[in-house]
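There are 2 protein chains.
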Amino acid sequence: MNKLPDEKAILAAAGRIKRHINDTPVLTSRNLDELSGANLYFKCENFQKAGAFKSRGAVNTVFLLSKDELANGVCTHSSGNHAAALSRAAALRGTKAYIVMPENSSKVKIEAVNYYGGEITFCKPNLESRELTLNQVQQNTSALEVHPYNDYRIIAGQATAALELIKSVIPLDVIMAPVGGGGLLSGTALSTFYFSSETKVIAAEPKGADDAYRSFISESFVPSENPNTIADGLLTSLGTLTFPIILDHVDTILTVGEESIIKAMKLIWERMKIIIEPSSAVPFAAVLENKNIFAGKKTGIIISGGNVDLDKLPWIKK
Amino acid sequence: MNKLPDEKAILAAAGRIKRHINDTPVLTSRNLDELSGANLYFKCENFQKAGAFKSRGAVNTVFLLSKDELANGVCTHSSGNHAAALSRAAALRGTKAYIVMPENSSKVKIEAVNYYGGEITFCKPNLESRELTLNQVQQNTSALEVHPYNDYRIIAGQATAALELIKSVIPLDVIMAPVGGGGLLSGTALSTFYFSSETKVIAAEPKGADDAYRSFISESFVPSENPNTIADGLLTSLGTLTFPIILDHVDTILTVGEESIIKAMKLIWERMKIIIEPSSAVPFAAVLENKNIFAGKKTGIIISGGNVDLDKLPWIKK
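Residue numbers (my numbering), protein chains in the order written: chain A, 2 to 319; chain B, 2 to 319.
Among the hints, erroneous ones may be present.
Stated by the list, open to error - With the Cβ distance kept under 7 Å, some of the chain B side facing chain A (calculated, not the full set): (1) E271; (2) I275; (3) I276; (4) L311.
As the list claims (entries may be wrong) - Computed far set for chain A versus chain B, every beta-carbon distance over 12 Å: (5) K9; (6) F64; (7) K68; (8) E120; (9) F123; (10) T134; (11) L145; (12) Y153; (13) L242; (14) E259; (15) K292; (16) I294.
Said to hold, decoys possible - Below 30 Å or equal to it, Euclidean Cα-Cα: the simulated DSS-like pairs (lysine-lysine) are: (17) A/K313 / B/K264; (18) B/K108 / A/K267; (19) B/K292 / A/K108; (20) A/K318 / B/K108; (21) B/K264 / A/K264; (22) B/K299 / A/K19; (23) A/K264 / B/K318; (24) A/K313 / B/K208; (25) A/K313 / B/K108; (26) B/K313 / A/K108; (27) A/K264 / B/K108; (28) B/K168 / A/K19; (29) B/K298 / A/K19; (30) A/K267 / B/K318; (31) A/K318 / B/K264; (32) B/K168 / A/K168; (33) A/K208 / B/K313; (34) B/K318 / A/K108; (35) B/K313 / A/K264; (36) B/K108 / A/K292; (37) B/K267 / A/K108; (38) A/K313 / B/K318; (39) B/K267 / A/K267; (40) B/K313 / A/K318.
These aren't lab readings, by the way, just hints derived from the structure by calculation.
Where is the CB? At the ideal position from N, CA and C, for every residue including glycine.
Between the sequences and the hints, there should be enough to build the whole structure, so can you do that?
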């Protein structure tokens with residue numbers, strides 16, 4: 002699939018991944034509705050296989066590959082949820098996943114890759130070392146690279162989360178997603194455009210990693226440089242495939258500070274009794290900081306994942 | 002209702018509370034099944050109104066009271082989930098709830114009572130002061146006492162959690178609940194006896210508060226003296242109404258140590274991405290410590306609640 006996913010491609014992805022993916026619940030909270038003034042519908046991808054929406058894109062991509070393409074396994078560099086999701090997807094097709102991870106990756110993320118049978122090669126924690134190490138792994142193994150977001154098959158997979166949300170709550174005024182590399186956001190924007198065209202798409206991004214916001218308002222690509230945020234899933238730059246979709250189909254990108262993110266995360270834990278990772282709290286933080294935009298609006302929020310190091314919580318100072 | 006709840010009384014309670022209670026989800030986890038060797042079905046009362054199963058009994062009781070009985074409000078002493086549940090139930094009937102709470106109650110529990118409009122009177126953290134203060138409150142207000150567990154209306158309400166679980170997973174080999182005062186356990190045992198008579202009822206209790214275990218094996222009431230456990234919902238003694246039901250209809254009571262409880266709690270947070278309180282982790286801890294009993298068994302576990310002070314997690318040493 003080398004073209005922008007159309008309606009059919011997203012529906013085909015949904016069918017393809019169905020057996021290996023959870024149709025995650027959509028939860029509501031009267032308490033958080035009262036607090037925000039909005040009507041919130043949380044699409045809980047923290048309950049997704051491997052703990053994040055990333056399983057959707059990884060399964061879609063790996064199941065589109067032929068036996069020949071899979072013969073030598075797949076590979077990627079990722080410090081996060083894509084690594085575990087790709088390891089799991091590869092195992093489902095009976096092939097290997099080679100994962101390049103920064104040596105300072107969290108224990109939880111390393112364990113998740115191990116659990117799904119991924120083979121880890123550690124590298125220094127910078128993009129240069131990640132790419133260099135991945136090149137070496139590819140040369141040694143001839144494994145096929147599966148990029149975490151800059152791939153139309155990945156985007157079509159991530160789009161299925163919004164598709165499910167749209168099917169279960171009709172009609173939404175707004176759909177929100179966090180933005181890092183833009184895989185989830187561009188998929189969300191496409192599904193909204195095709196299946197719920199009256200619904201606005203509002204993205205949310207940490208102020209400390211606001212490259213997507215700056216790219217969006219200047220309409221020209223701004224790379225992520227020295228990002229600094231607790232939302233560790235949102236550190237990367239937009240991709241050449243995700244950015245144009247975002248420009249075309251996203252209405253607004255809102256940015257929020259670190260304290261807002263931590264407060265929003267803790268509120269969701271406390272009131273909804275679900276565990277979400279910091280990146281997932283960014284859209285709800287944006288709602289709380291912009292109550293005028295969301296007042297009385299039926300607002301879907303994609304909770305991107307729930308992989309948190311429970312030994313290090315941002316509101317507990319050791 | 003001054004007699005042991007029969008089948009009809011439990012079904013009536015289910016109908017009575019339906020509009021004001023969540024039919025909470027039953028979640029499964031492949032990961033925890035692999036780890037335990039059992040097939041686990043978690044009935045998630047952490048997603049219940051006010052964050053715990055206690056809302057069932059409180060709503061059932063308050064909605065059985067006449068307008069005259071409610072005229073001066075209701076009252077109770079409770080440091081925990083019954084306090085918030087009763088406050089909420091009273092508000093639903095437009096009456097007041099007077100809550101006697103130990104002065105060392107956690108901030109989260111105090112806030113919950115305030116949120117639902119309960120009026121708090123603080124007392125010293127011992128049973129004598131709790132009862133004395135409650136007497137004073139009753140004299141001042143003429144409010145009607147609603148006991149947290151030693152009341153057949155409460156027991157019938159708590160029984161509806163197991164009823165829902167039994168309806169959604171057929172047939173279970175085992176149903177588990179934690180035991181403190183015995184309201185949840187006796188209700189669970191009655192529902193299992195009436196609606197799924199082939200299913201065994203296995204209770205779980207902290208070793209540091211094992212009065213129910215000792216009462217059960219000696220078949221004579223042993224009070225809870227100086228209980229010491231992180232499972233703060235399980236500190237109380239059995240009641241004169243709950244103990245006979247437990248003797249008649251519970252198969253076994255298993256006890257577990259503190260480290261097991263904390264480990265089980267963290268595993269559920271980490272793998273299932275849900276927030277449960279320590280008391281709720283006690284049955285799963287018992288499964289992990291007694292794998293032979295549960296191997297391959299379809300085991301329902303009632304997760305009693307999710308009200309945790311997120312600033313003080315037992316696995317994080319400050």
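Here is how each hint holds up against the structure:
Below 7 Å, beta-carbon pairs count as interface contacts, and B/E271 has one with chain A at about 6 Å; its hint therefore holds. With 7 Å as the threshold, the beta carbon of B/I275 comes within range of chain A, its nearest partner Cβ sitting at about 6 Å, so the hint holds. Proximity of B/I276 to chain A holds as hinted, the smallest CB-CB distance being about 4 Å (cut-off 7 Å). Among the interface hints, the one on B/L311 holds; its C-beta lies about 6 Å from the nearest C-beta in chain A, closer than the 7 Å criterion.
The Cβ of A/K9 sits about 32 Å from the closest Cβ of chain B, beyond the 12 Å cut-off, so the non-interface label holds. Under the 12 Å C-beta cut-off, the non-interface status given to A/F64 relative to chain B holds; the minimum distance is some 19 Å. For A/K68, the shortest C-beta to C-beta distance to chain B comes to about 26 Å, beyond the 12 Å cut-off, and the non-interface label holds. No Cβ of chain B comes within 12 Å of the Cβ of A/E120; the nearest lies about 20 Å off, and the non-interface call holds.
Every beta carbon of chain B lies more than 12 Å from that of A/F123, the smallest distance being close to 23 Å; the non-interface claim holds. Every beta carbon of chain B lies more than 12 Å from that of A/T134, the smallest distance being close to 28 Å; the non-interface claim holds. Residue placement check: A/L145 keeps its beta carbon more than 12 Å from all beta carbons of chain B (closest about 27 Å). The claim that A/Y153 lies off the interface holds: its Cβ sits roughly 29 Å from the closest Cβ of chain B, which is beyond the 12 Å cut-off.
For A/L242, the non-interface assignment is confirmed: its Cβ lies about 30 Å from the closest Cβ of chain B, beyond the 12 Å cut-off. The claim that A/E259 is not at the interface with chain B holds, since no C-beta of that chain comes within 12 Å of its own (minimum 18 Å). With a minimum CB-CB distance of about 20 Å to chain B, A/K292 clears the 12 Å threshold, and the non-interface call stands. In this structure A/I294 is separated from chain B by more than 12 Å, as the shortest Cβ-Cβ distance comes to about 26 Å.
With a C-alpha separation of about 16 Å, the suggested pairing of A/K313 with B/K264 holds against the 30 Å cut-off. The suggested pairing of B/K108 with A/K267 holds, with an alpha-carbon distance near 15 Å, which does not exceed 30 Å. Simply put, B/K292 and A/K108 have alpha-carbon atoms about 27 Å apart, close enough for the 30 Å limit, and the pair holds. About 18 Å separates the Cα atoms of A/K318 and B/K108, which keeps this hinted pair within 30 Å; it holds.
With a C-alpha separation of about 27 Å, the suggested pair B/K264 and A/K264 falls inside the 30 Å cut-off, and the hint holds. Annotation: proposed proximity of B/K299 to A/K19 holds, straight-line Cα distance about 25 Å (limit 30 Å). At most 30 Å may separate the alpha-carbon atoms for a hinted pair to count; A/K264 and B/K318 meet this at roughly 22 Å. For the hint pairing A/K313 with B/K208, the CA-to-CA distance comes to about 29 Å; that is within 30 Å, so the pair holds.
The hinted pair formed by A/K313 and B/K108 meets the criterion: a straight-line CA distance of about 22 Å does not exceed 30 Å. Restraint check for B/K313 and A/K108: satisfied, since their Cα atoms lie roughly 22 Å apart, inside the 30 Å limit. Of the pairs offered as hints, the one joining A/K264 and B/K108 holds, with about 17 Å between alpha carbons and a cut-off of 30 Å not exceeded. Only pairs whose Cα atoms come within 30 Å are accepted, and B/K168 paired with A/K19 is accepted, the gap being roughly 26 Å.
For the hint pairing B/K298 with A/K19, the CA-to-CA distance comes to about 28 Å; that is within 30 Å, so the pair holds. For the proposed pair A/K267 and B/K318, the alpha carbon gap of about 19 Å is at most 30 Å, so the pair holds. For the suggested pair A/K318 and B/K264, the alpha carbons sit about 22 Å apart, so the restraint of at most 30 Å is met. For the proposed pair B/K168 and A/K168, the alpha carbon gap of about 27 Å is at most 30 Å, so the pair holds.
Distance check on the hinted pair: A/K208 and B/K313 sit about 29 Å apart at the alpha-carbon level, within 30 Å; holds. Of the supplied pair hints, the one linking B/K318 and A/K108 holds, its CA atoms being roughly 18 Å apart against a limit of 30 Å. Restraint check: the Cα-Cα separation between B/K313 and A/K264 comes to about 16 Å, which is no more than 30 Å; the hinted pair holds. Distance check on the hinted pair: B/K108 and A/K292 sit about 27 Å apart at the alpha-carbon level, within 30 Å; holds.
A hinted pair counts as satisfied when its Cα atoms are at most 30 Å apart, and B/K267 with A/K108 qualifies at roughly 15 Å. Straight-line distance between C-alpha atoms of A/K313 and B/K318 comes to about 11 Å, which keeps the hinted pair within the 30 Å bound. Distance hint between B/K267 and A/K267 is fulfilled; the C-alpha atoms sit about 17 Å from each other, no more than 30 Å. Between B/K313 and A/K318, the direct Cα distance comes to roughly 11 Å. Compliance with the 30 Å bound is thereby established for this hinted pair.
In this structure, none of the earlier numbered hints is contradicted; all agree with it.
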